[in-house]
Amino acid sequence: MASWKAHLTHDRLDIICLQETHVSSLAQANTLTTTWTRMWGLTSTPHPIAYWTVTEDSTHRVAILLNPFSRLAFTEDRASSIPGRYIQISSATLTVASVYAPSTSTRDRQEFFRRLISLTPPATPLLVGGDFNCVSHPRWDRHLTNPTRPLGSECDAMELWLTRLQLYDGIWHTRRTPRTTEDARSFLQHSATCIRPQSNSTSRIDRIYVSASLTASVKSVTTHTPGQLSDHNAVCFTSAQHWLTAQTGYACTPSDRLTPRL
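In terms of numbering that gives the first Met the number 0, the sequence shown has 59 at position 60, counting the first letter as 1, and numbering is strictly consecutive.
If you are wondering where the hints come from, they were derived from the structure by calculation, not from laboratory data. Treat the numbers as computed from the prediction; the structure is a model and nothing was measured. By construction, the Cβ of each residue, glycine as well, lies at the ideal position given by its N, Cα and C atoms. Heads up, some of the hints might be wrong.
[What the hints assert, rightly or not] Simulated restraints on C-beta separations:
id	residue 1	residue 2	range
1	His-46	Glu-181	46 to 52 Å
2	Arg-174	Phe-68	28 to 34 Å
3	Ala-122	Pro-45	37 to 43 Å
4	His-172	Thr-92	26 to 32 Å
5	Glu-181	Thr-221	29 to 35 Å
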């Protein structure tokens with residue numbers, strides 16, 4: 000957790016979205032929240048700065064950590080959350096969500112995004128970040144090791160959800176779309192979030208989407224190795240609106256659970 004605080008302070012971030020936290024109980028979540036609070040030299044905060052989902056399945060669970068000195072104060076939208084997969088918090092001006100889509104099968108992902116479609120849309124602009132375990136543009140977002148893999152969207156239900164909520168991939172508001180094979184190779188080299196040499200697999204499955212009203216304020220979207228041990232790179236989103244910077248893409252492997260790394 001110290002590395003996440005370092006990122007928040009050094010990069011002046013307001014929000015970190017986490018996936019695969021492996022937090023297995025409410026007691027553990029409370030302990031982590033206390034630790035997070037004390038790392039800032041505080042014993043309490045005027046509003047919550049850590050939100051966790053706790054489920055029996057250890058492969059799930061998402062969380063959102065906040066900078067206690069941010070201007071934003073959030074409350075959890077429990078009615079608009081999916082245990083272990085999707086957590087949503089809202090303030091007077093912004094809604095934030097952390098998502099971890101199923102990796103088990105295409106069918107499971109389709110069902111998950113259909114559930115997201117059924118949720119009540121947020122009343123304020125939405126920023127959602129996380130591990131989607133699929134891509135919209137395989138030509139640009141994935142190193143294709145399987146030549147028979149379709150080049151269209153890998154999850155129709157996800158595309159429908161994005162369309163319904165008018166969500167846009169922040170990275171395309173800072174870069175032009177690749178026009179050549181070399182462009183695509185260079186783009187993926189600098190934006191890939193999941194790199195697995197053992198299977199020769201490279202992809203951009205961790206992304207940050209924002210509502211249409213936020214696209215004009217996108218300042219930068221970058222990818223880098225997180226301080227916490229993870230099998231994914233982090234995605235950092237910076238907005239021209241000085242009160243909003245966010246990061247996502249942390250996915251802790253089972254051997255690197257949070258508790259031993261406090």
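Quick rundown of the hints versus the structure:
1. His-46 to Glu-181: 46 to 52 Å: Since His-46 and Glu-181 have Cβ atoms about 48 Å apart, the given range 46 to 52 Å holds.
2. Arg-174 to Phe-68: 28 to 34 Å: 31 Å Cβ-Cβ, so the 28 to 34 Å window holds.
3. Ala-122 to Pro-45: 37 to 43 Å: Between Ala-122 and Pro-45, where Cβ atoms are some 22 Å apart, the hint is violated.
4. His-172 to Thr-92: 26 to 32 Å: Taking Cβ atoms as reference, His-172 and Thr-92 lie about 19 Å apart, which means the hint is violated.
5. Glu-181 to Thr-221: 29 to 35 Å: 21 Å, violated
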